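Q: Below are the chains, spelled out letter by letter.
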Amino acid sequence: MDYGLDKKSNSLKTFNTLFIVIWLLIACFPFIWTFWGSFKVRADFFSRADWWYAITAFNTLIETGVRFTTEAYSGAWFEGEFWKASRNTIIVTISVVSISLFLGTLGAYALSRSTKNYAFWILIIALIFRAMPHITLVSGYLFPFFQLQIWGILPTTIVVLVAINQPFTLWLLYSFFKTVPKELDESALIDGCSYFQTFRHIIMPVMWPGVITAGLFSLMLAYNDFTVTALLLNQENHTMVPKIQSYLGTNQHEGNLMWAVSSVVSATAPLFLLVMFFQRQIISGLTAGAVKG
Amino acid sequence: MPNRSFFWFFLPAGLAMILFIGLPIISTGIQSFYAQHDQILVKVKKCDPFGCKVSVVVDQEATSKIKGEKPLGKFNGFGTYVDRNHLATNQVSEFWGESKSIGEFVNKVGNLPFYKALVFTLTYCVIVTPCVLLLGFIIALSLNAVSRKIRGPLIFGTILPMIVTPLVGSLVLFWMIDAEGIIGANLQIMMNDPYLSVKSSKSLTWITIIIYGIWHHSPFAFVVFYAALQTVPQEPLEASIIDGASRFQRVKHIVLPHIYPVVTFVALISLMDNFRVFEPIIGFSAEGSAQSLSWLIYDNLVNEEVILFGSAAATSIMTIIGISIILAPVLIRTWREFRTNR
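Quick mapping for you: the protein sequence lines, in order, are chains V and C.
Just so it is clear: in the first sequence, position 276 is 276 by the working numbering, and no numbers are missing.
Just so it is clear: in the second sequence, position 136 is 1136 by the working numbering, and no numbers are missing.
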């Protein structure tokens, strides 16, 4: 808000800057600290004697001979089989994003172009479904999945994540499709296109920004999910987040806690890069539903 | 769009939601009326040179046979809902009879697992949601006053806590506040108490999880408020400056009314998300002193011996009822708007 008339006093400016600096410190420091600590040995990052060791790398120097060690990473990725978890995450994420965008664009387009009452009710039901805690849904899945013997495998989890993701994707894409003028598809329909042709050749080409935003959110949901993946996948098929939790559970290994630290960094880094590149889309997505009402 | 095309367009998404959201809710409802089978016990008489003993053992064969016939378990009606781990009606009425004061009664009821979790979940929601709204709004206001050139990186830094999964976010904080981590160790030095540990005290654990919740959710409120602030009309603001309105008055009388619809939206979304709090409890290893409704369900589902489907389902149904109560005012309002618009 740069109002020509609005003169800010110096003290207010200082106070504002100070507040932002403190907030950014609170928001970012934990990640920087964890990143730094992931290159140390456990005795330094979780130092019983003196937390300053985490900075001077006192024990790391003694144990490994260098100040920065990648021991935790190699341990987690190879010995802890984190590579398998990240492979599973990639499979799950890509499948969930592509399937849920396919279903979501079709459904949201129909919702945005329908003037009937039922379209409104479907959106309301989607909102209710969006509010369901995932764990309550999982408690509904487990028993039938055991009976059908489809528990523990990746395809089941992918389908479940797509479904859980649908309400939000529908709402998001619905608000994007609403911004595309109806005249556009009406003229195409008059020219003899079928609804699907209109959708495919007229609407989709102008919808890319919305699709990218929706895709990013599906990606974050699938990538970040813990509830569904931890309970619906067996040990072998675990994705990254439940894998991190499994490193915490077993404390016999001295290395395990550092494995968790390094895998937290490994799992977070791609996400941060992604957000850095697509920040604008994510923010427009978060506000799409809100600002337009 | 004609009904026919609507149907085909919506079919895949609708089918996915019915099969994997609608049906599971029904399945949860059905499961909640069943409980796992009792083990079938048989008396076995064993005789050895020193005499005969009658011992009771589990008849494995019969137990697994009945499990195979009725995998859902035995019908229990509302039994699971009222047992000690859920609504505990018997215990509550017992406590009501024997407690001398209301305080004692509340205290006793608060120690029953379900009520304990309910109290934590509600406390978390009630404290975190307003704090998130407030902090998000303040950050949005103050970032909005910064020069446009450096806003991009500042926004990136601000939304970091939101984009990591709650488990990772809480772990990252937990490692710092741990007695062996940077903040925990410094707190010990500051308080001059070498045994101070967040883990050991119930109230400290609650405070930590609540602070984590505010840290994690504020960026979301910030982003929405920030976008809404961009749409605030300039003319009334300039007019109010000329009329001599103070900064606070301008925010109160012009900015807030303008973004009011967005505030309710953010409040609703964070309330829904806060109600399902459970990953931070795992991340902070706080099971001992803080349990939420979602955590109770999780705990039943990862039970080592036998998965307590019935118990988890009963808690789930009650959680769903809780969510509906939270959602009800919004749904009623939307419905009214819809009717007047028509």
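It is possible that part of the hints are untrue.
Distance condition first, Cα-Cα at most 30 Å in a straight line; then the derived DSS-like pairs of lysine-lysine [stated by the list, open to error]: (1) K1067/C / K1043/C; (2) K1074/C / K1045/C; (3) K1149/C / K8/V; (4) K1070/C / K13/V; (5) K1116/C / K1202/C; (6) K1149/C / K1053/C; (7) K1043/C / K1070/C; (8) K8/V / K1252/C; (9) K1053/C / K1070/C; (10) K178/V / K84/V; (11) K1149/C / K13/V; (12) K1053/C / K1065/C.
Residues from chain V that keep clear of chain C, each with C-beta distances beyond 12 Å, as calculated [to be verified]: (13) L25; (14) D50; (15) F58; (16) R67; (17) F68; (18) T70; (19) E81; (20) R87; (21) L127; (22) E183; (23) D185; (24) F196; (25) V261; (26) V275; (27) Q279.
Don't read these hints as lab results, they were simulated from the structure.
As the structure is a prediction and not an experimental result, all values here were calculated from the model.
Heads up, the beta-carbon is just placed ideally off N, CA and C, and yes, glycines get one too.
Q: Hint by hint, say whether it matches the structure.
A: Right, here's what the structure says about each hint:
| no. | hint | in the structure |
| --- | --- | --- |
| 1 | K1067/C / K1043/C | 20 Å, holds |
| 2 | K1074/C / K1045/C | 29 Å, holds |
| 3 | K1149/C / K8/V | 18 Å, holds |
| 4 | K1070/C / K13/V | 70 Å, violated |
| 5 | K1116/C / K1202/C | 12 Å, holds |
| 6 | K1149/C / K1053/C | 87 Å, violated |
| 7 | K1043/C / K1070/C | 24 Å, holds |
| 8 | K8/V / K1252/C | 18 Å, holds |
| 9 | K1053/C / K1070/C | 33 Å, violated |
| 10 | K178/V / K84/V | 41 Å, violated |
| 11 | K1149/C / K13/V | 16 Å, holds |
| 12 | K1053/C / K1065/C | 27 Å, holds |
| 13 | L25 | 9 Å, violated |
| 14 | D50 | 8 Å, violated |
| 15 | F58 | 14 Å, holds |
| 16 | R67 | 18 Å, holds |
| 17 | F68 | 18 Å, holds |
| 18 | T70 | 19 Å, holds |
| 19 | E81 | 19 Å, holds |
| 20 | R87 | 18 Å, holds |
| 21 | L127 | 8 Å, violated |
| 22 | E183 | 15 Å, holds |
| 23 | D185 | 9 Å, violated |
| 24 | F196 | 8 Å, violated |
| 25 | V261 | 7 Å, violated |
| 26 | V275 | 5 Å, violated |
| 27 | Q279 | 6 Å, violated |
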